[in-house]
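Novice: Chain by chain, the residues:
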Amino acid sequence: MKVLAVTEQRDGALRKVSHEVLAAARALADPSGGAVDAIVFAAGPVSGMDQLGGFGADRVLHAAHADFALYSPDGASATIASIGAEYGAIVFAATAMGRDLGPRVAARLGVACATDVTALGVEGSVVTVTRPICAGRVLQHGKLTGKTAVVSVRPNTFHPVASGKAGSVAALTVPAFAVRVASKGIRKPDAAVLDVTEASIVVSGGRGLREPANFKLLEDLAAAFGNAAVGASRAVVDAGWRDHGEQVGQTGKTVSPQLYIAVGISGAIQHLAGMRTARTIVAINRDKDAPIFKVADYGIVGDLFEVLPRLTEEVRKIRSS
Amino acid sequence: MKIAVCLKRVPDTTAKIVIGASRTALDETGVKFVPNPYDEFALEAAIALKEQAGAGETTVITVGTDACQETLRAALAMGIDRAVLLQSPGSADGLPVARALADELKSGGYDLILFGKLAVDDCNHQVGVMVAELLALPCITAAAKMTMSGGAVEAEREIEGGVEVMGCSLPAVVTCDKGLNNPRLPSLKGIMAAKKKPLDTKPVTLEAASFEITSLELPAERQAGRIVGEGAEAVPALLALLRNEAKVL
Chain A
1 MKVLAVTEQR DGALRKVSHE VLAAARALAD PSGGAVDAIV FAAGPVSGMD
51 QLGGFGADRV LHAAHADFAL YSPDGASATI ASIGAEYGAI VFAATAMGRD
101 LGPRVAARLG VACATDVTAL GVEGSVVTVT RPICAGRVLQ HGKLTGKTAV
151 VSVRPNTFHP VASGKAGSVA ALTVPAFAVR VASKGIRKPD AAVLDVTEAS
201 IVVSGGRGLR EPANFKLLED LAAAFGNAAV GASRAVVDAG WRDHGEQVGQ
251 TGKTVSPQLY IAVGISGAIQ HLAGMRTART IVAINRDKDA PIFKVADYGI
301 VGDLFEVLPR LTEEVRKIRS S
Chain B
1 MKIAVCLKRV PDTTAKIVIG ASRTALDETG VKFVPNPYDE FALEAAIALK
51 EQAGAGETTV ITVGTDACQE TLRAALAMGI DRAVLLQSPG SADGLPVARA
101 LADELKSGGY DLILFGKLAV DDCNHQVGVM VAELLALPCI TAAAKMTMSG
151 GAVEAEREIE GGVEVMGCSL PAVVTCDKGL NNPRLPSLKG IMAAKKKPLD
201 TKPVTLEAAS FEITSLELPA ERQAGRIVGE GAEAVPALLA LLRNEAKVL
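First to last, the sequence lines map onto chains A and B.
Counting with the numbering used here, you get residues 1 to 321 for the letters of the first sequence.
Counting with the numbering used here, you get residues 1 to 249 for the letters of the second sequence.
Errors might be hidden in some of the hints.
Claimed, not checked - The list that follows gives simulated cross-link-like pairs (lysine-lysine, DSSO-like), each with its CA atoms no further than 27 angstroms apart:
no.	chain 1	residue 1	chain 2	residue 2
1	A	Lys317	B	Lys247
2	B	Lys2	B	Lys195
3	A	Lys188	B	Lys145
4	B	Lys247	A	Lys288
5	A	Lys253	B	Lys16
6	A	Lys294	B	Lys16
7	B	Lys247	A	Lys294
8	B	Lys145	A	Lys253
9	A	Lys184	B	Lys145
10	A	Lys253	B	Lys32
Calculated from the structure, these hints are not laboratory results.
Work out the full structure: start from the sequences and follow the hints.
Specialist: This is the structure:
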């Protein structure tokens, strides 16, 4: 099966999730010895583009257009649709961009789209998928029987592969497209922050933090780890302490980091749904009977205002050694 | 201004989940159904926009069985003017559903078509944007903030590590995220009025699906781990376990 991997770039650099998309594409192509093309949308050269071969791309298609500095829903969907029928599968990341773009391409090709996939398989020309539904409370197994299978894969579930492929870069002709909707730009927070869906480590806080200012303790811990994002329970998001973008759980985000540390979070069923696929879960809570301890691999019962500063200090020591 | 909201009836998010005998659908026995929570942001946006404009019409549309009439009445009770039920058992594939909705919407003369960003049951995240593609309309997905002026929409959507500002002109499709507004609760007067509002039913036949569910399963329960200790003194032991046993540091 020939597979197209749709990469993502921002500010002229490939995003890490692009390598995960390539790993998923290889999983579909390899059983039949098929090729994987990686498509890159950009206004000009993109750093890391020439190294995509090392992550599994047989060929890199560079779709360059002045409108592609930012995400162009119309341009990207028209470009992929123009070549889409050549492929047995098209793989996106289940990110803000991939969730917007995947269904557009599927509608243009007249085929189904399976979003937020966590496992993929191939049976002949049929792509099989596993998707968490009901915010992770149920696993749905399904199959895509159209000519081209459009899927988006959840970040942090497919791990980048190392491959010795050359991954030659070829320019791809961008077809004419009508601009119906356009990005006017991206507003970034003052300091660069990792997204909870993409970070390897997530440290989340709940009501136990008592007041918004105390989230500084979690931010310090995240900074000590270096590769961590701050998450939040629904209770503190609804109270206006934290942005909805940080909310983990139903009506928030589903995360699958290597390490999830829940601090002052009791563990409502809707929260557990959003983080139960983390590899390792740590809970820090005063209440030894809190439901969060039923899913945590490791727990500390105690006052978070004493535990967190110590944890941050010890993590700093580890990271600097 | 004519605004349509496309709604889905979903199991309440706190409902106990039981997989049905077919293994391909959930057992609905005793399950409470509600309007999809994200669709409530769309309903509120439609009602508020009409109130601000002082004129217009709001319509709620769903694809589903007759059981959806109750869900549509809930939307009418919030303040939507009329409802349309496209009667069908539905489909696991979003595209046939999008086609049925697009067929209904195309002759409606709507300025704005609103959806929730995803339905919390099948988490497909796709029907709204597919409808826009089928109707060749602009679409902004997962809007957490929306402003309208002079026939144009500007919306903000949360993306990884930032906020993306998108703009388009009307008519347009927008899918709504949490943060857009606080959906109102129906008033008693609204509930009474809803009983008299028009609710049209039209049978539809969905096109063949190219996605099918082969089975459903409940994910393996996580096993409770262990309490490493109490208070700050337990921190070194925790970190040792994370490094040496879990190997995540």
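Novice: So, for every hint listed, does it hold in this structure?
Specialist: Checked hints:
no., hint, result
1, A:Lys317 <-> B:Lys247, "holds, 17 angstroms"
2, B:Lys2 <-> B:Lys195, "holds, 22 angstroms"
3, A:Lys188 <-> B:Lys145, "holds, 16 angstroms"
4, B:Lys247 <-> A:Lys288, "holds, 25 angstroms"
5, A:Lys253 <-> B:Lys16, "holds, 21 angstroms"
6, A:Lys294 <-> B:Lys16, "holds, 18 angstroms"
7, B:Lys247 <-> A:Lys294, "holds, 21 angstroms"
8, B:Lys145 <-> A:Lys253, "holds, 18 angstroms"
9, A:Lys184 <-> B:Lys145, "holds, 14 angstroms"
10, A:Lys253 <-> B:Lys32, "holds, 24 angstroms"
Consistency note: the structure conflicts with none of the earlier hints.
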